[in-house]
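A.B. asks: Now for the letters of each chain:
Protein chains: 2
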Amino acid sequence: MAQQRRIDLVLDSVKRLLRIGATANLLNLLQKQHPADLAQIFSELPDKERDTAFSLLAERNGRLAMEAISELGPEAGAALLATRSADEIARLAQEIPSDDAAALIDYLPEELSAAVLDLMRPKESGVVENLLEYDEQTAGRIMNPHVFALNEDMTVGEAITELQTNRDVEMVFYLYVVDERRHLVGVVSLRRLLLVSPETPLKRIMTADLISARVETDQEEVARHVASYNLLAVPVVDEENKLVGVITVDDVIDVMKDEATEDIYRLAGVASDERVFASSAETFRKRLPTLAIQLLTLFAAAAVVALFEPTIGKVTALAVFMPIVVGMGATAATQTLTVMVRGLALGELTWSNARKALLKEVSIGIGNGILLGILAAIVAWLAKGDPVLGLLLGFAMILNLFVAAAAGTLVPLGLRAANVDPALASSVVVTTLTDVLGFGAFLGLATLFLRYLTTT
Amino acid sequence: MAQQRRIDLVLDSVKRLLRIGATANLLNLLQKQHPADLAQIFSELPDKERDTAFSLLAERNGRLAMEAISELGPEAGAALLATRSADEIARLAQEIPSDDAAALIDYLPEELSAAVLDLMRPKESGVVENLLEYDEQTAGRIMNPHVFALNEDMTVGEAITELQTNRDVEMVFYLYVVDERRHLVGVVSLRRLLLVSPETPLKRIMTADLISARVETDQEEVARHVASYNLLAVPVVDEENKLVGVITVDDVIDVMKDEATEDIYRLAGVASDERVFASSAETFRKRLPTLAIQLLTLFAAAAVVALFEPTIGKVTALAVFMPIVVGMGATAATQTLTVMVRGLALGELTWSNARKALLKEVSIGIGNGILLGILAAIVAWLAKGDPVLGLLLGFAMILNLFVAAAAGTLVPLGLRAANVDPALASSVVVTTLTDVLGFGAFLGLATLFLRYLTTT
Numbered sequence: 001m002a003q004q005r006r007i008d009l010v011l012d013s014v015k016r017l018l019r020i021g022a023t024a025n026l027l028n029l030l031q032k033q034h035p036a037d038l039a040q041i042f043s044e045l046p047d048k049e050r051d052t053a054f055s056l057l058a059e060r061n062g063r064l065a066m067e068a069i070s071e072l073g074p075e076a077g078a079a080l081l082a083t084r085s086a087d088e089i090a091r092l093a094q095e096i097p098s099d100d101a102a103a104l105i106d107y108l109p110e111e112l113s114a115a116v117l118d119l120m121r122p123k124e125s126g127v128v129e130n131l132l133e134y135d136e137q138t139a140g141r142i143m144n145p146h147v148f149a150l151n152e153d154m155t156v157g158e159a160i161t162e163l164q165t166n167r168d169v170e171m172v173f174y175l176y177v178v179d180e181r182r183h184l185v186g187v188v189s190l191r192r193l194l195l196v197s198p199e200t201p202l203k204r205i206m207t208a209d210l211i212s213a214r215v216e217t218d219q220e221e222v223a224r225h226v227a228s229y230n231l232l233a234v235p236v237v238d239e240e241n242k243l244v245g246v247i248t249v250d251d252v253i254d255v256m257k258d259e260a261t262e263d264i265y266r267l268a269g270v271a272s273d274e275r276v277f278a279s280s281a282e283t284f285r286k287r288l289p290t291l292a293i294q295l296l297t298l299f300a301a302a303a304v305v306a307l308f309e310p311t312i313g314k315v316t317a318l319a320v321f322m323p324i325v326v327g328m329g330a331t332a333a334t335q336t337l338t339v340m341v342r343g344l345a346l347g348e349l350t351w352s353n354a355r356k357a358l359l360k361e362v363s364i365g366i367g368n369g370i371l372l373g374i375l376a377a378i379v380a381w382l383a384k385g386d387p388v389l390g391l392l393l394g395f396a397m398i399l400n401l402f403v404a405a406a407a408g409t410l411v412p413l414g415l416r417a418a419n420v421d422p423a424l425a426s427s428v429v430v431t432t433l434t435d436v437l438g439f440g441a442f443l444g445l446a447t448l449f450l451r452y453l454t455t456t
Numbered sequence: 001m002a003q004q005r006r007i008d009l010v011l012d013s014v015k016r017l018l019r020i021g022a023t024a025n026l027l028n029l030l031q032k033q034h035p036a037d038l039a040q041i042f043s044e045l046p047d048k049e050r051d052t053a054f055s056l057l058a059e060r061n062g063r064l065a066m067e068a069i070s071e072l073g074p075e076a077g078a079a080l081l082a083t084r085s086a087d088e089i090a091r092l093a094q095e096i097p098s099d100d101a102a103a104l105i106d107y108l109p110e111e112l113s114a115a116v117l118d119l120m121r122p123k124e125s126g127v128v129e130n131l132l133e134y135d136e137q138t139a140g141r142i143m144n145p146h147v148f149a150l151n152e153d154m155t156v157g158e159a160i161t162e163l164q165t166n167r168d169v170e171m172v173f174y175l176y177v178v179d180e181r182r183h184l185v186g187v188v189s190l191r192r193l194l195l196v197s198p199e200t201p202l203k204r205i206m207t208a209d210l211i212s213a214r215v216e217t218d219q220e221e222v223a224r225h226v227a228s229y230n231l232l233a234v235p236v237v238d239e240e241n242k243l244v245g246v247i248t249v250d251d252v253i254d255v256m257k258d259e260a261t262e263d264i265y266r267l268a269g270v271a272s273d274e275r276v277f278a279s280s281a282e283t284f285r286k287r288l289p290t291l292a293i294q295l296l297t298l299f300a301a302a303a304v305v306a307l308f309e310p311t312i313g314k315v316t317a318l319a320v321f322m323p324i325v326v327g328m329g330a331t332a333a334t335q336t337l338t339v340m341v342r343g344l345a346l347g348e349l350t351w352s353n354a355r356k357a358l359l360k361e362v363s364i365g366i367g368n369g370i371l372l373g374i375l376a377a378i379v380a381w382l383a384k385g386d387p388v389l390g391l392l393l394g395f396a397m398i399l400n401l402f403v404a405a406a407a408g409t410l411v412p413l414g415l416r417a418a419n420v421d422p423a424l425a426s427s428v429v430v431t432t433l434t435d436v437l438g439f440g441a442f443l444g445l446a447t448l449f450l451r452y453l454t455t456t
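Note that the protein sequences, when read in sequence, are chains Y and S. Each residue of the first sequence is one higher than the one before, counting from 1 in this note's numbering. Each residue of the second sequence is one higher than the one before, counting from 1 in this note's numbering.
Please keep in mind that the hints were generated in silico from the structure rather than gathered at the bench. Heads up, a few of these hints could be off.
Because identical chains cannot be distinguished in the list, a pair is counted as satisfied if it fits within a single copy or across any two copies.
[Said to hold, decoys possible] Think about it this way: if two alpha-carbon atoms lie no more than 30 Å apart in a straight line, the pair counts; the simulated DSS-like pairs of lysine-lysine are:
(1) K242 - K384
(2) K123 - K286
(3) K123 - K242
(4) K314 - K242
(5) K15 - K356
(6) K242 - K32
(7) K32 - K203
(8) K314 - K257
(9) K242 - K203
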């Protein structure tokens, strides 16, 4: 499994062969690679070399070249394709399953994608256009419309013959059974076919109670189903329960990876489709909004501090310790809201158990606040020789960790209820609360008890 | 797919039936549920009700009860089992595949797990003990040792007969082919068996070039392989290439979910195995270290501020704007390091392309710094009427966003090189840097240019 080392070696050879122009050897080497490995090799080559290597491979083995492009992901894949002619893209797009082709074509510049669809065989472009009509991130959009289905009146023997004549169907392990109008009525596993005699009617051995997705089902929900019921594929039906496609577990794994990345990125204020090597200009543009919003909220926090400038003028030690109050609040808030956002994503946190979660988080927040507040109070006292300053710091910390816990629990739940992705906005709302309340509590208390504090 | 609504309904019925003591009806209802749904129902029931429901089900249908427990995950599952007698656990553990049993037993209190292993049938406990000897998070630990293998000298017809007599083997779609000493020599897909005549020797139709994992391979690497090569299962071999187990795609999905959660949690300083409803005491204990370390680093930042107390005493406006410098630094750093940590996890970021990533991040950091720094400078100037204060704020922000970008890229890479999980420690190292340098730059510059600033 030392895949990375092997790929690095192949990459070095590819670069060398490109440099010396050894086209035949290069083609030979590329053709031996798995599409997933080729995708990684393409992504690590400099732009010019990548184009050359892809052109060479596309001419000789269009299918492998396009499979590698698919593995790159639709966005990066489309970017690589976008420099070619519509004619060539149309030819290449027909080499891969229509769901993969649709994903790529969707990311091409609008004019180019229209031209490509015009140039494809009408049957193929029709299938792709159908897929593109479904909303993004739905089952309809990611399903493979070439689904292998058997008529309910068939016998096991007939089903096996059918399988033998349709050798190019992708990944068959569940055989879906439909009635004469293509309504989904059951499923038979491939293995089950081997265990019964050829005369057995499919109807007798099929499972009629099966899980299916509707075309408009959210892809994340499909993924959750496959994961919890350990499925290898889910059939997709339209509003009349007619079988229109299938989503296989490998598609689900891609969805899960994308959704996990999306959650991680959104918590950090990064666009969900950002990648390490997206273009700088685009990344700059995508990160700016988060930073700008953060700047705005920090001005709000600064405005709170400004209210207490006269107090700080008298006790400059307050400026020394105020970052501790808000820093601890932010850290504790991040812990709580991360667990809540992930719990919502995994379906573990719901409205019915929210109260339990809130009580738990608040008790932990207060507990940590007391423990660390006392510690901070002692350090501040020792550092500045002022026990009242220590007391104020400790008390502000307890208060802020309580706010962090409550807001960290309630804000994600509230956003979910308001149909806003909790991963997207929780962080900025909660840290603004802990910033404003942290500064306000610490400096406000200091102002109230100013006469007990050692002034500078 | 309205699974959640259905589960909520079942949950309500379960609670009602428990309340009125309608045992027979309750058992009836529970037995109709899928293990994954039962797991969710168990997790949402209060402790006492959960115990009662589990006891009832375990007595009638031990296998279903244990499958539900397995779906809960080993930690939560073991917690539920831990209140029962070793005798009962031993009986129940034999109802599920040994890999699932091993995972549960591993999380039982030590004395109890020893007693359980003693009480299991020697053959079963031997298998479980073998699995537990492999390191955590390795292929050996998560594999299913009951792997279906065929001898290379068999024909297709013999293979089918073999399949028909071994009806209880889990999830068969790849048939692994071994030599007489059980060395892994090839693989045949179930479907391929249907497409050739029964006399065909397996050797002729098997694929000899197949991907396998070693028992000590990291589970994350196995998951990455399954995902990139679209596999349904990976055979696991020992150091002599003997077939000892199989990891199926459903196990891989669990690994991927756990690893994504781990990355998300570690970035936020939460223990990787925390769940929304872990016990408060345990959660408190697990979150404390991150908070304590954060407190320590905040004291370091506070010490930097303390160096410049006399300056703050003269220009209290500095205390108002200093949270902006460090707050922006922390936000920008989080964006960069999240993308880097995820890029490392997905295998997109490597040493060979690190320079490219660094250049990109630094240019974005400086770009954002200039744009937002100018904005902040103007606001500070307008708010306080002091252009020099604005200038210092803007300059400190540019500097800090540069530091955030550089540290956000280099720290995760450095930690990975030092074999420390970058998700675990990047955040605290990077934000400490931006805190200390942010305060230092802003207040240091202010001290240098003090005579040009409007004093309070």
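A.B. asks: Of the numbered hints stated earlier in the document, which are not met by this structure?
C.D. replies: Hints 1, 2, 4, 8 not satisfied by this model.
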